[in-house]
Amino acid sequence: MNAILEALDRYAHWAARWPVLAALAPFVPVVALWWGVAAAGVFPRAFFPAPPDVLQSFLTLTYKGILPAYLEDSIGRLAAGVSVGILLGIPLGILVGLSGVARKALWPVLLFFQAIGDIAWLPLLLIWFGFGLGTMTFVIVYTVIFPVVINTALGVRSIPPELVRAAQSLGAPRWRILTDVILPGALPNIMTGLRNGLGYGWRALIAAEIIVGTSGIGFLMFDARRAGSAVEIVLGMIVLGLLWYIVDAWILAPIERATGQRWGLVTRA
Amino acid sequence: MKSLTLRNLHKTYFDPAVGTRVTAIQDVSLEIGPGEFVAVVGPAGCGKSTILNMVAGFLPATRGDIIVGDRPVKGPGRDRGVVFQNFALLPWKTVIDNVGFGLKMRGIAKPERDRIAMEFLELAGLSHAAERYPNELSGGMQQRAGVVRALANEPDVLLMDEPFASVDAQTRMTLQEELMRIWGERRHTVLFITHDVGEAVFLADRVVVLSKGHVLREIPITIPRPRG
Amino acid sequence: MSHSAAPIEMGQGPGAARHLRQAATFVAPLVVLFLCWPLLVSAFGVDARVFPGVKAVFAAAVESVSDGSLLAHVAASLGRVAAGTLLAVVVAVPLGVAMGVNAGVSAFLTPLFRFFSVLAGIAWIPIATLWFGYGFGAITFVIFNAVFFIVAYNTLLGVTAIPMRLRHAAASLGASRLAMVTEVLLPGALPNIVTGIRTGLGFAWRGLIAAEMIATNVGLGYMLFVARDFYRTEVIVLGMIVIGILWLLIDRLILAPLERATIERWGVVQRA
Ligand SMILES: Nc1ncnc2c1ncn2[C@@H]1O[C@H](COP(=O)(O)OP(=O)(O)O)[C@@H](O)[C@H]1O
Ligand SMILES: [Mg+2]
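Protein sequences, first through last, are from chains A, B and C.
Quick note on numbering: the first sequence equals residues 1 to 269 in the numbering used here.
Quick note on numbering: the second sequence equals residues 270 to 497 in the numbering used here.
Quick note on numbering: the third sequence equals residues 498 to 769 in the numbering used here.
Calculated from the structure, these hints are not laboratory results.
Do not rely on the hints blindly, as some may be mistaken.
[Unchecked claim] Derived DSBU-like pairs (lysine-lysine); straight-line CA-CA distance at most 35 Å:
| hint | chain 1 | residue 1 | chain 2 | residue 2 |
| --- | --- | --- | --- | --- |
| 1 | A | Lys104 | B | Lys362 |
| 2 | B | Lys362 | B | Lys343 |
| 3 | B | Lys373 | B | Lys343 |
| 4 | B | Lys481 | B | Lys271 |
| 5 | B | Lys379 | B | Lys271 |
| 6 | B | Lys373 | B | Lys362 |
| 7 | B | Lys343 | A | Lys104 |
| 8 | B | Lys373 | B | Lys481 |
| 9 | C | Lys552 | A | Lys104 |
[Claimed, not checked] From the derived model, a few chain B residues whose C-beta atoms are all more than 12 Å from chain A:
| hint | residue |
| --- | --- |
| 10 | Met270 |
| 11 | Ala313 |
| 12 | Ala325 |
| 13 | Asp348 |
| 14 | Arg384 |
| 15 | Asp430 |
| 16 | Ile490 |
| 17 | Thr491 |
C-beta atoms are modelled at their ideal positions from N, C-alpha and C, and glycine is treated no differently.
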């Protein structure tokens, strides 16, 4: 018992010193366990593939160009939807944040339409746009826009009035107040909104790709489901997880570190 | 420097909690000459900030006039520099960019405004912190930056609302002395708000005692400078 | 990841009158929207196969209520959410607390739970339907893991974030192991747990609708998807309204107040 506790203590210290390694290390025993269970043949191979099967399928699909093409499709759709969502969401959020009338009129409407949820729109969208890019883009824009609008508005409202006053008394015109006070002041919240929006957005994309089904990672997974093969499904899930990790660790987190945290506006949990 | 005149100033707020109007300022008149340092003292809630916010142009007066030099006040403007109790530095700008903000608004190019901002930072002993963010500075240093940010914009009148109330006693004394040194060199017209009578007497040429929204007394301070 | 609470200043005044006024202010814009709908539909001559009129939706509502089908769909959806969520919370919270107690265990498990909570929900639909077939099992599984990983991860974070001095203080006051859990760790992590439940349920609810479209023959998602096959937009829109109202009720009347109560009352967690 004491030996175990000691080992755990040592692991905690080691993890604190090597955070990158410590983020990867836990996956080693998990993969090993997965491999062991698969090798023991408890479940049929088609239901429960082993790591080498997934690697094999990764190599084959990459070699055939299917995986890169699907990945490109998914990322392209997500990027298009997210960009439009941000471009519409931030100005709308600033309006809602700045104007009491706009807030009272729009806030309940925003909450209601957010509550309907992107995926419930799919049947109607399929009637409107058919099985195409229109449906996908609409769903992602719809998903991203609400968290962005709501958090931008909260961010705008969280800016201390003195900051606006200080800028005014230093001679800043209205558009300068917007660019130099309102936007940077709301930025940490905008980032939170974006993070939430992305979290919902890529799930919506997967659902849309499964249901609309022409290409993309979601389609890859569901196509494999129809064929009764778990290998590509697991591959798809791993790709999705890694993709999110890359977006989060290499894009979102650095932006947050360079802005809100440096400025002392965000307390890191 | 210009004079600052308040004439028969009134302010009533609408209090939504009660649903009635409350009078915060009642018939306040005040004449501050060019280069004069006037302190307004009074207990919390007597209307000091209300007066300053109207002079700064943040709040409209219900009745009465505010005149800087010969121009009536219509809104916030760079002729009146404001120093806030909680500093109000823009957290996303470095200290030097905060100090140069007013200059930027006037369209002065970056190298020139950095040069001017640096001069003011040296005046406040802050040149070593120029590239830091406000969040990375102590309260005293932040307020030094707040003061020179207002000064760097060359205002005619300096408005200060309990500027030293949120720093520790030791730092407050240092800041008061520094303010006296800088004011001694430049002789701005100053409207200084405080609830601390000692501070008012140490700094001002004249102390205005405010009570429940009207002027109770005006006391000239004749103690020769430098005061200790 | 969390929703953001929605402060919105409204009429003030004492007690019930204030609540009533708040509710009225909230509903008013929605009522206006509702009144504009028939005007827009008739003004633009929108085809009923593109977007339904109010009358058609109302008729669909009456019909599906009287034949009991709407109730059956709602009951199926809510039942699945309740079952999956309950099961997930019951397993995830004790597990999260147990994992958070030891620094080594939590350092080891944090990356794993993070990875799986990122993946939670919809991405599991294909494998869930492969493993459990189309039906109750697959859908409950999707809901379960949408909630489970996020709640366990948040509980773990919550326990880890409790300052060591609080634990030492409790220990020096003679707290037993059990008391440590019930008096310090659980309450300390509660704001995180509630936030986790709220986020997880958000993903679960969407996952439910998606899963029902694919993998079952009863439930709100199924109701929408079948209606699409017959171009019955009035049924689709009815379903969307029901989904919106249900989630609004769950989120605003249960989850948001719960989250606000734990976070604001104790102020343990600093919300970004
Ligand atoms: N925005 C406002 N709405 C209603 N009443 C206010 C508002 N601002 C200040 N007051 C009231 O006006 C009075 C003076 O406030 P203030 O000028 O802030 O006082 P001081 O700065 O001297 O502490 C106080 O009674 C305060 O409650
Ligand atoms: Mg005040």
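Contradicted hints - numbers only: 8, 12, 13, 15
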